[in-house]
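Chemist: Taken in sequence, the protein lines are chains A and B.
Residue numbers for the first sequence follow this note's numbering, beginning at 7 and rising by one.
Residue numbers for the second sequence follow this note's numbering, beginning at 56 and rising by one.
These are computed hints drawn from the structure, not numbers from a lab.
Quick reminder that beta carbons are idealized off the backbone N, C-alpha and C, glycines included.
Among the clues, some could well be false.
Straight-line C-alpha distance at most 30 Å; calculated DSBU-like pairs for lysine-lysine [said to hold, decoys possible]:
#, chain 1, residue 1, chain 2, residue 2
1, A, Lys-260, B, Lys-162
2, A, Lys-104, B, Lys-290
3, A, Lys-260, B, Lys-184
4, B, Lys-162, B, Lys-184
If you want the ones that stay clear, here's a sample from chain A, every Cβ over 12 Å from chain B, calculated [claimed, not checked]:
#, residue
5, Phe-95
6, Glu-176
7, Leu-186
8, Lys-259
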Amino acid sequence: MRWHKIYGLSLRHIYLIRSSFPRILDLIYWPSIQVFLWGFISEFFTVSSSYYNNTVGVILTAAILYDFLFRSSISYNMMFLEEIWSRNFTNLFIAPIKISEIIAALTMTAIFRTLIGLVPAVLLAIPLFGVSIFKLGIPLIFLLIALYIFGISLGLFVTSGLLRFGPSFENIAWASLFFLAPLGCIYYPIEILPNTLQIIAKALPLVHIFEEMRNILINKTINQIEILVSIAISLLYFFLGIVVFYIAYYGAKKRGTLINIGE
Amino acid sequence: MDIKVKNLSKKFNDLLVVDNINFTLEKNKTLGLLGPNGCGKTTSIGMMLGLITPTSGEVLIDNKNVDNSNRSDLLSRMNFASPYIELPKKLTVKQNLEVYGRLYGVKDLKNRISEISEDLNLNNFLNKKTGELSSGQKNRVSLAKSLINKPDVLFLDEPTASLDPDIGDFVRQYIEAYKSKNQITILLASHNMKEVERLCDTIIMMKEGHIVDRGTCKDLISRHGRDNLEDTFLKIARSKNEMA
Chain A
7 MRWHKIYGLS
17 LRHIYLIRSS
27 FPRILDLIYW
37 PSIQVFLWGF
47 ISEFFTVSSS
57 YYNNTVGVIL
67 TAAILYDFLF
77 RSSISYNMMF
87 LEEIWSRNFT
97 NLFIAPIKIS
107 EIIAALTMTA
117 IFRTLIGLVP
127 AVLLAIPLFG
137 VSIFKLGIPL
147 IFLLIALYIF
157 GISLGLFVTS
167 GLLRFGPSFE
177 NIAWASLFFL
187 APLGCIYYPI
197 EILPNTLQII
207 AKALPLVHIF
217 EEMRNILINK
227 TINQIEILVS
237 IAISLLYFFL
247 GIVVFYIAYY
257 GAKKRGTLIN
267 IGE
Chain B
56 MDIKVKNLSK
66 KFNDLLVVDN
76 INFTLEKNKT
86 LGLLGPNGCG
96 KTTSIGMMLG
106 LITPTSGEVL
116 IDNKNVDNSN
126 RSDLLSRMNF
136 ASPYIELPKK
146 LTVKQNLEVY
156 GRLYGVKDLK
166 NRISEISEDL
176 NLNNFLNKKT
186 GELSSGQKNR
196 VSLAKSLINK
206 PDVLFLDEPT
216 ASLDPDIGDF
226 VRQYIEAYKS
236 KNQITILLAS
246 HNMKEVERLC
256 DTIIMMKEGH
266 IVDRGTCKDL
276 ISRHGRDNLE
286 DTFLKIARSK
296 NEMA
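Can you build the whole structure from these sequences, using the hints too?
Modeler: Put into structure tokens, the structure is as follows:
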């Protein structure tokens, strides 16, 4: 073995990591998120082990709803990444298509990708674990709408990052959802979070969606205000996402990255 | 459609890539954009296509600025082919042509796909995935995509790069024939001097972001006292800056 060759090959990867902020962030990100998420889950089960007693399937329902959010956002990102990977990006942006039409097309297509992945999982959960998300009743539709809008909004933020930073932002695309998981209070109530984080968490629609899901399944009541709040916050992020996307697009035009983004 | 480029410049950070270029490409003419690698050709084409915002100056296509609200309307009458950009590899040739036909709002798309497939000999691999094609086949598909909307203005960036002489000649012949049958304005960026001599009415020579010379092929050759365009190109590329 020649050490200079090993060193040479290592250098190739060190240069790559050193030159890309998203790559460095990605390396730091995963262990930190795992610690946060599982730390809060552990704390919740330590102090409130009887919370989910006699309420079969709350955690699995939460997992399915979270996956719906995950799939919708990833579907959006994936479709955008496909254009970069296939080096079709320039063709797309010289076609007479408006940015609003691109956003609309991705938003509409993402729902198909999401449902293709989710429907079998939802149906499998019924015979395998006796858990049906349909137990949420009519509010399920509104919770899914809020989740979908928020998922698409995250997709818009990530695709804006892809426009701004290029393909090196791809790792963030995969990681974006996990970033919000600890604050989203998907598996535990908001009270588990420290007070300061609770304030931040309430600014996300996820807390309202998952608190309401638990409220329906555990208390058998429906808080319509909470559902409306979750949709309103999601819409707010959606419009913010559109603004950020436009800013990223015009920024990319200034930097000239639309013509060589796949390189 | 004609193209007017007025005082066009582009700076990336502190690097001036295109420096105050001016030219007019008349309707139904073919202009060759020549210059060594990194001279600003691709950036200039990017600005003409509305993909890059100029630092200063403007591009007028049919007297409309390409970088504002007319963009969609103008782009529907333009197109671009380059071996450096590709079509989705997992879609078949036919699916790709259908997608782009719809994006460009092509009427009677089925017939247009049949017509262009026939013209460019795509029929044998129309239902094959684009990623499985040879580079010569991909090149013809890319050309088909660029002509799907019967553009009034066509931008070609090295259309025969990496093609064998036979397919390269087929593409050049096709462009010549297409131009004689259709009203079309073409801007061609190429490093193939024979191709430029054959296809272009006028030539612009760029170097380090400037236009350093312009004229017909014959004018340029005689002005620089050379025997052919290749030698003329080499003389200009290796000389110190000469402003036109």
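Chemist: Against each hint, give a clear statement of whether it holds in the structure.
Modeler: Against the structure, the hints:
The straight-line distance between the Cα atoms of Lys-260 of chain A and Lys-162 of chain B is roughly 34 Å, outside the 30 Å bound, and the hint therefore fails. Restraint check for Lys-104 of chain A and Lys-290 of chain B: the C-alpha separation of about 44 Å exceeds 30 Å, so the hint is violated. Distance restraint check for Lys-260 of chain A and Lys-184 of chain B: the Cα-Cα separation of roughly 34 Å exceeds the 30 Å cut-off, and the hinted pair is therefore not satisfied. For a cut-off of 30 Å, the pair hint linking Lys-162 of chain B to Lys-184 of chain B stands: about 24 Å separates their Cα positions.
A cut-off of 12 Å between C-beta atoms contradicts the statement that Phe-95 of chain A is not in contact with chain B; the least separation is 7 Å. Remark: the non-interface label on Glu-176 of chain A is consistent with the geometry, its nearest Cβ contact in chain B lying 18 Å away (cut-off 12 Å). Look at Leu-186 of chain A: its CB is around 31 Å from the nearest CB on chain B, clear of 12 Å, so calling it non-interface holds up. With a closest Cβ-Cβ approach of about 4 Å to chain B, Lys-259 of chain A is found to fall inside the 12 Å limit, against its non-interface label.
Comparing the model with each numbered hint stated earlier shows that hints 1, 2, 3, 5, 8 do not hold.
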